[in-house]
Every structure is written in structure tokens, then in C-alpha cells.
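J.: Which chain is which? The protein sequence lines are A and B, in order. By the working numbering, the letter at position 100 of the first sequence is numbered 100, and the numbering carries on one by one without gaps. By the working numbering, the letter at position 93 of the second sequence is numbered 93, and the numbering carries on one by one without gaps.
In case anyone wonders, no lab produced these hints; they're calculated from the structure. Where hints are given, some of them may not hold.
The calculated BS3-like cross-link candidates involving lysine-lysine, where the alpha carbons are at most 27 Å apart (straight line), are [said to hold, decoys possible]:
| # | chain 1 | residue 1 | chain 2 | residue 2 |
| --- | --- | --- | --- | --- |
| 1 | A | Lys143 | A | Lys41 |
| 2 | A | Lys143 | B | Lys137 |
| 3 | B | Lys212 | B | Lys57 |
| 4 | B | Lys137 | B | Lys57 |
| 5 | A | Lys143 | B | Lys212 |
| 6 | B | Lys46 | B | Lys57 |
Here's a subset of chain A near chain B, in silico, CB distances under 10 Å, partners left out [what the hints assert, rightly or not]:
| # | residue |
| --- | --- |
| 7 | Cys13 |
| 8 | Gln32 |
| 9 | Leu39 |
| 10 | Ala79 |
| 11 | Val100 |
| 12 | Phe124 |
| 13 | Leu129 |
| 14 | Ala133 |
| 15 | Asn184 |
| 16 | Tyr186 |
Bear in mind the structure is a predicted one, so any value in this text is a computation, not a measurement. In this text, a Cβ means the ideal position worked out from N, Cα and C, and glycines have one as well.
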Amino acid sequence: MSRDNDLVICPVCDSLYRVNAADRTRPARCGQCGYRLVLGKPDAIASVVGMALAAAILMAVVVFTPFLQLTAGTFTSRASVLDVVLAFQSDIMVPLSISVLAFIVLLPLARFAFLTYALMPAVFDRAPLPGAAVSLRWAFQLKPWAMAEIFMVGVAVALVKLSGMATLTMGPAFWAFVAVVLLNAYGDALMCRTTLWSAVSKPRP
Amino acid sequence: MSNNIMVRRIKAAPVITARAAGLVGCQICGKVTQLGETRCPRCYAKLRSRDGHSLQKVWAWMIAGLIAYIPANIYPMLITTQAFQRQEATIVGGVIDLIHYGSYGVAAIVFIASVLIPVGKFLVIGYLAWILRRPHKLDPHRLHLFYEIVEFIGRWSMIDVFVVAILVALVRFGILATINPGIAAVCFALSVVFTMLAAQSFDSRLIWDRIKRG
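Bound conformation, chain A alone:
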């Protein structure tokens, strides 16, 4: 039954397929529902890991450097990303502050960590670390809840709202965040399920 390792389902409609090593090199869609089963990027693993590491490092810049500065006449107010997170301080709103922290910092960071842990050994042709598959599963499952790119659109909207009444200055954290969002989008575009999952399920030598 060793050939069963080539069996794959379409997660959308449950159709069954056999995907061998040669099939992983070209894009393919499910014949029933059109879901993109294979993105055909067998070399993407190193890029995904590189993206995750770079984004994780930039995240430190995001958290610890100034984000935005607002100047109106002689008055100046500065906000870091943590100030933004702490916007909902009053009693009943505290859970919202915690959620915002998770959506824009913790969950994206967790995804970068899970991806690195699961896929790094594959880059160096080593056997996967224990728990690599579970780690990769979390990277996929957390995807909808990591909202860095949505936050960035929110920043753009807020900046336009404020541009009339005050002068805005962007700090290093702002540009680092832009870079995190771009890296993340690039990495997600390369996350071919078939390729990544076959990387973590290689038998140990």
C-alpha cells in the first residue's frame, strides 16, 4: 500500500487524485470544482522559509520602533504599534485589545515560526523535525486569523482621515510593517500544499 502516499483529496469537494513526483512540477486544478490542487512550485520551500525568517525579524522592528507621529501646530503625539494595540483599554474593551495584538502581531509571528520550524530542515535536505507536520498544519489553519495586511489598509484609511488636520510622519516600524505585509503575500503565493506537505512527510533516514 506504499502507493497510497500519492493519494490526495481536493479539500473543497472530496475528489480523489493520485499525484506522483512528476505531477508536482506543473500546476493542476481539481477536475470537479476547479480548486488549485498543485501550484507547481517544487522549489518554493526555500523561498517560504526565507520569507518567514525575514518577516519574523522585521516584526521585532515593528514592535520596538516608532510607528507614526502626528504633529498639529506645537502639539506632537507619537504612537507605536503597541499603543495602537492598547487603544481599547477601558474595562469591557480589554479583550478587543488582546485580540488586536493577536491579529496583527502574535498570529502572524506564530505563522512565521511554524513555517520555519516545519520547513527549515527540508531546505538543507534533512529529515523533518518531530512535530513538523502539526506545525505546518497550524501555519495553514491560522492563515485567516493573521491580519497584518488588513491592518495596513486600516493604517492607510486612518492616515487619509487625519491628513487634513495634522502632519504625519512615518517611523521605521511603519516601513517594516509594509515589508512584512509584502513578504507575507509573496510567501503565501508560493505555499503550494502538495509541495509543502510532501516536504514534511519524508521518511526519516
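Add chain B to chain A, keeping to what the hints say.
T.: Okay, now just chain B, sitting in the frame of chain A:
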């Protein structure tokens, strides 16, 4: 079962489902095992050949989302204090303000993210759950497209909550001008989370299982 993968959409060849082959596939990693296994042997995700309670969960989360969406629109999202004058703005009020300032593009983004997407999402999820309660004769590709759109776009509603957070953090000029968050921000965030959970509870395999034959 010697079904080779089909490149691009080839509609002619009939496909076999894992369930029909006596197998169950993992919806996270795609691994296929014998029907009856409860956990994926590779990634340890829960395996369900079909989620029998899918539509119940969809309705439950969606109703929760609707309930949270009502106060999100009634109560203020932003409370601005400028030179001792207190001004409260709801979601729609904020959009109208933006139109007055002439920022039509931003007004459109906020309106789409905070009004069109949530309302559209309630309608589309409700429609899918209603249609799929029994076999249907509709084009499954169209239903699938609706589902994909809802799943993809739902999280973008969170924009307005982030806008509030940024404004509150930045506009802190003491008595000159201060912005505080209103309780609607919490309700709105809850509504977005609930509808995201509604979309995730939806078992898309129903679309293909419940096609009326003949």
C-alpha cells in the same frame, strides 16, 4: 482508483470522491486514510468524511454575527472630544463624514468593508445554507464561487476596527482633541469573528454531494 491528476479543468472525466472509495481525506493536508480514522496520521487534524452538523453550526454562528452587528451600527464607533465638545460617530456616520470632507475613495473603502461586505456575507451564507438543506439543481460552480468569495473577503471587514485603534492611539492632544473608542468597535469585531466562523463551519463538500441527479 487509478485516477491520475488532471491538468487544468477537464470536465469530461468523472471523478470519484474519497468517501465513495471508502476513504477519508484530511481537509488541511490532503492525506488520504481509511474511512473511520478520526485523526489525520500526518498532521493530526480531526478527520470528518462529512460534517453532518455543518449547516446547524453555520446558522448558529451567523445568527450570533447578526445579533452583534445590530449594536455595532446603533452605538458609536468613535467618540471625538474637541475643545470640550463631544462628538459621537457610528459606522455609517463616519462614512458620511468622510464624504463631507471629500475623501470619496476612503469613504468607499470604509463603506464596502463595514457595510457591504458584512451585509452581503449574511445574505450569501444564508442563501447557501438555505439552498443546501436538501438536494439542489443549481450550478455547483456558481455556489462554490459564492462560498469562495465569502470566505476570502469576510476578514477584510476588520479594517474599521483597526482604523479606530490607530485613530485612538494617535489623536491624543489632551483638551485640544482626543479620540476614544466606542462600544460598537467591540460589537463589530465580534460580528466579524462570528461570521468568519460561520464561513469556516460551512462544509463545501455539501455543494457537490447534494446535486440532484436526473
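J.: State for each hint whether it applies.
T.: Status of the hints after comparison with the structure:
no. : hint                 : in the structure
1   : A:Lys143 to A:Lys41  : holds, 20 Å
2   : A:Lys143 to B:Lys137 : violated, 33 Å
3   : B:Lys212 to B:Lys57  : holds, 24 Å
4   : B:Lys137 to B:Lys57  : holds, 24 Å
5   : A:Lys143 to B:Lys212 : violated, 34 Å
6   : B:Lys46 to B:Lys57   : holds, 17 Å
7   : Cys13                : holds, 4 Å
8   : Gln32                : holds, 5 Å
9   : Leu39                : violated, 13 Å
10  : Ala79                : holds, 4 Å
11  : Val100               : holds, 6 Å
12  : Phe124               : violated, 21 Å
13  : Leu129               : violated, 14 Å
14  : Ala133               : holds, 4 Å
15  : Asn184               : violated, 14 Å
16  : Tyr186               : violated, 18 Å
Checked against the numbered hints listed earlier, the structure breaks hints 2, 5, 9, 12, 13, 15, 16; every other hint is satisfied.
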